[in-house]
Amino acid sequence: MQLGKKAYGGNPAALAEIKASAQTGSVAAETVLGALYQAGASVNRDDAEALKWFLKAAEHGDMEAQFGLGVMYANGYGTKQDYAAAAHWFEKAAVQGNAAPNFYLGLINENGLGVPKNYVEATKWYVKAASAPKSVGLQFDLVTGAGKVLHAPEDSSQVIKVFPMVLDQALASAAYNLGMMCWNGRGAPENDVEAYKWFAVAASNGNHLAEYNMRILAPKMSQKQIADAVVSASSWSKSHPPQNTDKLSSR
11 MQLGKKAYGG
21 NPAALAEIKA
31 SAQTGSVAAE
41 TVLGALYQAG
51 ASVNRDDAEA
61 LKWFLKAAEH
71 GDMEAQFGLG
81 VMYANGYGTK
91 QDYAAAAHWF
101 EKAAVQGNAA
111 PNFYLGLINE
121 NGLGVPKNYV
131 EATKWYVKAA
141 SAPKSVGLQF
151 DLVTGAGKVL
161 HAPEDSSQVI
171 KVFPMVLDQA
181 LASAAYNLGM
191 MCWNGRGAPE
201 NDVEAYKWFA
211 VAASNGNHLA
221 EYNMRILAPK
231 MSQKQIADAV
241 VSASSWSKSH
251 PPQNTDKLSS
261 R
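According to my numbering, the stretch in the sequence shown is residues 11 to 261, in order.
Hints are computed from structural coordinates only; laboratory data are not their basis.
All values reported here derive from a predicted model rather than from experimental measurement.
Don't take every hint at face value.
[What the hints assert, rightly or not] Only pairs whose alpha carbons sit at most 35 Å apart, straight line, appear in this in silico DSBU-like list of lysine-lysine:
| # | residue 1 | residue 2 |
| --- | --- | --- |
| 1 | Lys66 | Lys134 |
| 2 | Lys29 | Lys16 |
| 3 | Lys16 | Lys138 |
| 4 | Lys16 | Lys66 |
| 5 | Lys15 | Lys134 |
| 6 | Lys90 | Lys62 |
| 7 | Lys127 | Lys15 |
| 8 | Lys62 | Lys134 |
| 9 | Lys234 | Lys138 |
| 10 | Lys66 | Lys127 |
| 11 | Lys29 | Lys90 |
| 12 | Lys15 | Lys248 |
| 13 | Lys16 | Lys90 |
| 14 | Lys230 | Lys134 |
| 15 | Lys90 | Lys15 |
| 16 | Lys234 | Lys134 |
| 17 | Lys16 | Lys127 |
Build the full structure now, drawing on both the sequences and the hints.
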């Protein structure tokens, strides 16, 4: 995986070694080669090639390739856009402990993209996303480039942003979406205290819409309710501290 970083930086010898390793069945090399083709790093961008190499590694159980494959199916890169296939590969990666797909599985289930709309399932994945480490270093930088966009069908209000995979962004967005679901009674009864809690978690991670929603909610709540929500948000944040890991260097 260190070779992947060198190849991403334009090192031709590293790229040649990765290609040779991928051709001989190295799953890690297949994943990195797919990521390089998807990002157009050291090679011309070729989504079909990226899809091919991600699929090889994903079928051998590589959770990073499974996530990359989900991103490609969700966006229609190198293949027809297929949210059901995206959900399949995202979940494969998630059940192996890959935190990155959790947020997108929440979005997919909340909006019924390729799967039946399921607010309870969406809540489950959002909570997992909000519980994830806040940063995974370079784990998915190669896979996702500078951020792609997932569009919900025929509804511009449901644009789903696939962030560069620094999970503090996914955490903040998951917490914000949990706040909205609690506020609107999706997946559970309406609960302003829980909504305020999740907005507070999102706001503490830089989500400005969450701050705005807290100002709207506050006049409808008692001081005790607000205090309880703030304490709950603080407790959540303390029990889920930032972590700094770099899966690329640890492979």
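For each hint, the structure was consulted:
1. Lys66 x Lys134: Between Lys66 and Lys134 the Cα gap is close to 29 Å, so the pair holds against 35 Å.
2. Lys29 x Lys16: This hinted pair holds, its Cα atoms lying about 13 Å apart.
3. Lys16 x Lys138: Answer holds: Lys16 to Lys138 is near 32 Å, not above 35 Å.
4. Lys16 x Lys66: holds (22 Å)
5. Lys15 x Lys134: With a Cα-Cα distance of about 34 Å, the restraint between Lys15 and Lys134 holds, given a limit of 35 Å.
6. Lys90 x Lys62: holds (14 Å)
7. Lys127 x Lys15: Roughly 39 Å between the alpha carbons, so the hint for Lys127 and Lys15 is violated.
8. Lys62 x Lys134: holds (31 Å)
9. Lys234 x Lys138: holds (28 Å)
10. Lys66 x Lys127: OK: Lys66 and Lys127 at ~30 Å, within 35 Å.
11. Lys29 x Lys90: Given pair Lys29, Lys90 holds - Cα atoms ~26 Å apart, limit 35 Å.
12. Lys15 x Lys248: holds (33 Å)
13. Lys16 x Lys90: holds (31 Å)
14. Lys230 x Lys134: Measuring from Cα to Cα gives roughly 27 Å; hence the hint holds.
15. Lys90 x Lys15: Given that 35 Å is the threshold and the Cα spacing comes to 29 Å, the pair holds.
16. Lys234 x Lys134: holds (27 Å)
17. Lys16 x Lys127: violated (42 Å)
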